[in-house]
Amino acid sequence: RKEVEQDPGPFNVPEGATVAFNCTYSNSASQSFFWYRQDCRKEPKLLMSVYSSGNEDGRFTAQLNRASQYISLLIRDSKLSDSATYLCVVPNSGNTPLVFGKGTRLSVIA
Amino acid sequence: SQTIHQWPATLVQPVGSPLSLECTVEGTSNPNLYWYRQAAGRGLQLLFYSVGIGQISSEVPQNLSASRPQDRQFILSSKKLLLSDSGFYLCAWNSAGGIQYFGAGTRLSVL
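So the sequence lines, in the order shown, correspond to chains W and F. So the first sequence is numbered by this note's numbering: it starts at 1 and just counts up by one. So the second sequence is numbered by this note's numbering: it starts at 1001 and just counts up by one.
Among the hints, a few may not be true.
As the list claims (entries may be wrong) - One side of the interface only, derived from the structure: several residues of chain W facing chain F at Cβ under 7 Å:
1. E43
2. P44
3. L98
4. F100
5. K102
Stated by the list, open to error - The calculated lysine to aspartate or glutamate pairs, modelled on DMTMM-like cross-linking and capped at a C-alpha distance of 20 Å, are:
6. K102/W with D1085/F
7. K79/W with D39/W
8. K45/W with E1026/F
In short, the hints are calculated from the structure, not lab data. Owing to the predicted nature of the structure, the values given are computational and were not obtained by experimental measurement. Think of the CB as a built atom: it goes at the ideal place given N, C-alpha and C, for glycine as much as any other residue.
Make the full structure from the sequences, and use the hints.
Shown next, in the form of structure tokens:
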């Protein structure tokens, strides 16, 4: 299994839809996880941190399944402004603490 | 609050020319610093990281090098650019909570 794997998409969804992305990771010792958002031609920015079983922030919900080693991101009531690439990020060891997935591209369509 | 600065924002360089990209962090001391590259439509590739002044770890062999002359300054260099060096270069630092924060990036085109 690769360190971090994501479905690259693209996910094309209409406004108002609910969409979910999954991410699998290989390091079973990982304790904290992150979802980053990257807009086209911009730097990645932190969207959510996940330290236990899950985290919710408005329309966004992140869930962690340690037994199956996957993290999910759920977006409810999608907005046009949610269109971006979503990166799953998992801790590594030592001083290279984060491993970034290649990202899942989301396009929300009017 | 902490901020991270990268410059220039865009750069067009001929093949074989040298490169110097600079990154500085404000509002924190002795941060772990990172250089990433993102090729068009691809994921982030870690190039170098540094845990302190003069300490550089290289993740991939290539014609790039990095230096950390001061605590909050991280420089990415090349003596002779290749076409394959084109990409989006991002500098990042790590917070105590393990979160990485990125600079705005430099978009390099080697022609």
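Checked hints:
no., hint, in the structure
1, E43, "4 Å, holds"
2, P44, "6 Å, holds"
3, L98, "5 Å, holds"
4, F100, "4 Å, holds"
5, K102, "3 Å, holds"
6, K102/W with D1085/F, "19 Å, holds"
7, K79/W with D39/W, "14 Å, holds"
8, K45/W with E1026/F, "18 Å, holds"
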